[in-house]
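Novice: Residues per chain are reported as follows:
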Amino acid sequence: MTPALEVKGLCRSFGALIVADHIDFQLERGARHALIGPNGAGKSTFVNLLAGRLRPDAGRILLDGQDITRLSAAHRVKRGIGRTFQTNTLFRHLAVLDNVALAIAERMGVSGQLFRAASAHQEVIEEARALLTMLNLMALEKTVVRDLPYGQQRLVEIAIALGLRPRVLILDEPAAGVPSHESYLIFDAISQMPADIAILFIEHDMDLVFRFARRITVLASGAILMEGTPKEVESDRKVREIYLGESRG
Amino acid sequence: MHPHISTFYLASVRVRAAELLPWIVALAAFFLFPDFLSLGARILIYILLVLSLDLVIGYAGIVTLGHAAFFGIGAYTAGILSAHFGIKDPLLQLAAAGTVACLVGFGTGLYVLRTSGLTLIMLTLAISALCLEVANKATSWTGGADGLSGVTIAPILGYFRFDLWGKTAYLYSLAVLFVVWWLVRTLLNSPFGASLAGIRDNRTRMEGIGALVNRRLVQVYSISAGIAGLAGALLTQTNQFVGLNALGFELSGEILVMLVLGGVGRLYGAFIGTAAYLIAQDQLAKKFPEDWYLGVGILLVGVTMFARGGLLGALDSLTARLRRALKL
Ligand SMILES: Nc1ncnc2c1ncn2[C@@H]1O[C@H](COP(=O)(O)OP(=O)(O)OP(=O)(O)O)[C@@H](O)[C@H]1O
Ligand SMILES: [Mg+2]
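Chains A and B supply the protein sequences, listed in that same order. Under the working numbering, the first residue of the first sequence carries the number 1, and numbering increases by one thereafter. Under the working numbering, the first residue of the second sequence carries the number 1, and numbering increases by one thereafter.
Excised from the complex, chain B in its bound form (with noise of 0.2 Å):
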């Protein structure tokens, strides 16, 4: 499914100029456009939830449509921890919404993962339409269909304060997405992201020296659900609000549809599908409700047809002819 990695055991990990370029952009786009900011912070939460289903999908081959429902877990868990019990602070927080999701992971994951193909999708399917519906039922804490207000956060280690332009949250989010993609990106060029490479590859042969297959999955699978989680704090406190939309299907097919447009299993197709996604929703959506859907539809179907890395994938394509061309 993803070539592109071949060696592990042999593979430099030092920190390719590229890599840089999407916080180099990010740093820049907080300075050039002030306005952008809201959507900024947007962009880089769902960024950082995006790669916690490339993480499960791209890297582990476990195929969820009900991912949503880790990262509404996590935005419910900050928003009541701040309504109900009065604690503030975010980063208190977002370890707490990170550790529940996480949890909340394991507890399905050891159940769900041993089974696999469309089983598996309808079992993530069935659990986040549980979230949802206990959600919705448990109005006393969550607000119900109106969502959960009351939603307030204390300066960010009690002096950075959450402002009107979202500069706080931008930077923040940018932060928090930073340390997570360090830590994804060790994982992944560990021992054990190169034994997901190989129960991706061949799961029998995987059993057959001597590797806990599943337990390895239900692992990939916490650790996920605790990043979709965290990203899910990340949006209640950033907008001081949590509604029932966190934890829909649409953002699980959503989602979905970003990693695909931007490459799966590639790391960075998290990063460039969802910023594509989110702009081009910001700008057309608006313009022509009707349309937009056609469209995403539209690309969707010429993604899987003709680009089937994504965008990167496409990149990878042009430049390897490029390279080639110049070689003739």
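Chain A on its own, in the form it takes in the complex (with noise of 0.2 Å):
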């Protein structure tokens, strides 16, 4: 079966530094993929590349089999690339709901709609409802994002991004700044995804990693270092010493 999707060959620098370096990556159908590695390895770019955000130097990206390498980021996640951000980037101004309803107009094909009230979308608004009740935030529908506790943005970069109903959702860092007696909250929720969705998600904490992901993925230096099960990389001396050793020191 061909995968969700398939990195060959991808590099880019900036300048000199290469924080890429001729990646070969495949994502599983289903998949729960960890990718990890130290600060600066060049894991957010990883992801900025795949979701269209940077451009390669080289090397093609293909979803499903199709070479998506050319195509702008809005046409990606047309394509079914979801994405949340590291660093909360929301709509900051809006209320909840609409901070989702936007994704979800977007992709349903209403956003374009000039003569009827957004507030008349009844089909977009049930849905935003729906995910917001998935994430626990109903209560929170009318409250401005800005207004929004650190943690309860951070469920709402994941709302926006399940409102596009990806086939492929990449998470960086999604309980980035959040309390880890929180964080946890967070991993629940990435947890009742749909099981068809191939999730592939960035995290620092271990003992996340461990828990949720079932293969993974260790970058350094823009290079992949190793992959594998969680056992894998566990035992793997390279990685102790690189990445594991120094987290844990």
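Hints were generated in silico from the structure; no laboratory data involved. Note that the structure is predicted; figures quoted are calculated from it, not measured. Heads up, the beta-carbon is just placed ideally off N, CA and C, and yes, glycines get one too. Watch out, some of these pointers could steer you wrong.
From the structure, some residues in chain A lie toward chain B, with a derived Cβ separation under 8 Å [unchecked claim]:
hint	residue
1	R70
2	A74
3	L90
4	H93
5	L97
6	A105
7	Q113
8	R116
9	K142
10	L164
Ranges between beta-carbon positions, derived for each pair [unchecked claim]:
hint	chain 1	residue 1	chain 2	residue 2	range
11	B	S116	A	R55	15 to 21 Å
12	A	N136	B	A280	49 to 55 Å
13	B	S116	A	S13	22 to 28 Å
14	B	G295	A	H75	49 to 55 Å
15	A	E182	B	K327	30 to 36 Å
16	A	S191	B	L322	48 to 54 Å
Hints given; two lone chains; assemble the complex.
Specialist: Here it is as structure tokens:
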């Protein structure tokens, strides 16, 4: 079966700094795949290359076997790639429900509608409410995002991405900046997502990684150091030295 | 930039009582101040123009200094149709002016809106300079610096003649403004309007949910240009004349002042800012021609320093303060 997402020989540098060094990578259908690596390894850059925020210098990106390397970020979303950002990238001045509804309306193709009030689009509102209920945000639907505590803003990030009904969901440190006792809430939400979505997530907390990932890719200095099951990664000496040893001090 | 609208999908779109106020005032003025009607028609036409500017600046976040170009294009379209082609029906001219301006908005928008910030401002300026120069040089079509005369307009719907007192012009402009206001209001409450708010708030995120941001900006820019064109046609029709000042930079700057004065991104800022500016100009510019622009400058500095939301913003914070005081 063709993987949900496939990357071949992806390269990207910022000046002399190589941040993606001939990356070959596959994300299986229904994957729960973690991408780990020390700070500055190039994880977010990799996500931005996948999502179309950055252009690669070389290499190809295939979604369901189709080449999307030249598509813009917006067109990749339409093809089924949804993503969240490491630092909140939200509609801060809009209500929680509107944040999600904008994404849903975009996916349903009603966001170009000029002559009917947004509030008359029940199909959009109902779906947004269902998502907010799932993420425990329903009571806050009218709250303006910038008034939310940080942890709940992270959930809105995820809600927006889910509103796109992506086939491939990329989460860049979904629990970043959230106190550790709250980060489980976010990962609980992630673990409840439909099984057929392929999920790639970046996470620094190894407990969370080993708990939720079925596969792990380790990135260091823009290159893939190794890939395997959580067990394989945990027992790999190189990884222990370069990454786990470092972060667990 | 405009934090006062926070929800579209949960908002009520029913017309609030206060929204009827401009129309009540406009109708009352018609009966109470018959001498004011020609100034009144001018105010209504400029409100239409400033409303179109608000759509672009306030709602789409596109800062332009060349918006008068579309107004001028509409004005010349109506004038040329009458003077050179004998098409004197005002509604036909109106439709043609709106369409031509909209198309020019679309064509230039495709190009200009790929840029942003200072580049965009300079490009809008450059395009409006180009239009001015074309109008100036194509004297056989536009009359050049002397303006286009020989513009005559048939009665509206074959029945309502443009009279000397400006009664018809006033009511006609009011009717056009009303229809456009309703359309703009509808548009702003629509999913399209919501997506404009999204673009203003976070363009990266908007692209990240699959919105073709540029296409949407071109759309709103064209619509706005079309409305400015309608306003231009109205000016030609009520004056039976078009001059180069309908295209000038001065006008682009002046309507920006009116918008900032009334309140950017507030829909009704265009109404109050334009009326206040033009009435003040009518009263003061003749009496104190030297001090007028100084006064405008000081006013503008005052508004930007102390009342960021313009007159409407000031009104908002005043009522908010009153409410708090009454609760205490
Ligand atoms: N736009 C850019 N221009 C220049 N250098 C950049 C740019 N974006 C990232 N970098 C650099 O590229 C390297 C990789 O950054 P990236 O954000 O991908 O790392 P990361 O693995 O996500 O790190 P973290 O765990 O801290 O989020 C870093 O050294 C960073 O400083
Ligand atoms: Mg990162």
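Novice: If a hint holds in the structure, say so; if it doesn't, say that too.
Specialist: So, going through the hints one by one against the coordinates:
1. R70: This hint is violated: A:R70 lies away from chain B, its Cβ roughly 16 Å from the closest one there, beyond 8 Å.
2. A74: holds (5 Å)
3. L90: holds (6 Å)
4. H93: Cβ of A:H93 sits 5 Å from chain B, so the hint holds.
5. L97: Holds, because the Cβ-Cβ distance from A:L97 to chain B comes to roughly 6 Å (cut-off 8 Å).
6. A105: The hint holds - A:A105 has a Cβ within 8 Å of chain B, the shortest such distance being about 5 Å.
7. Q113: Constraint on A:Q113 satisfied, holds at 5 Å.
8. R116: holds (6 Å)
9. K142: holds (6 Å)
10. L164: Since the shortest Cβ distance to chain B is 6 Å, the answer is holds.
11. B:S116 x A:R55: 15 to 21 Å: holds (19 Å)
12. A:N136 x B:A280: 49 to 55 Å: The hinted range 49 to 55 Å holds for A:N136 and B:A280, with Cβ atoms some 54 Å apart.
13. B:S116 x A:S13: 22 to 28 Å: holds (26 Å)
14. B:G295 x A:H75: 49 to 55 Å: 52 Å Cβ-Cβ, so the 49 to 55 Å window holds.
15. A:E182 x B:K327: 30 to 36 Å: holds (35 Å)
16. A:S191 x B:L322: 48 to 54 Å: Between A:S191 and B:L322, where Cβ atoms are some 51 Å apart, the hint holds.
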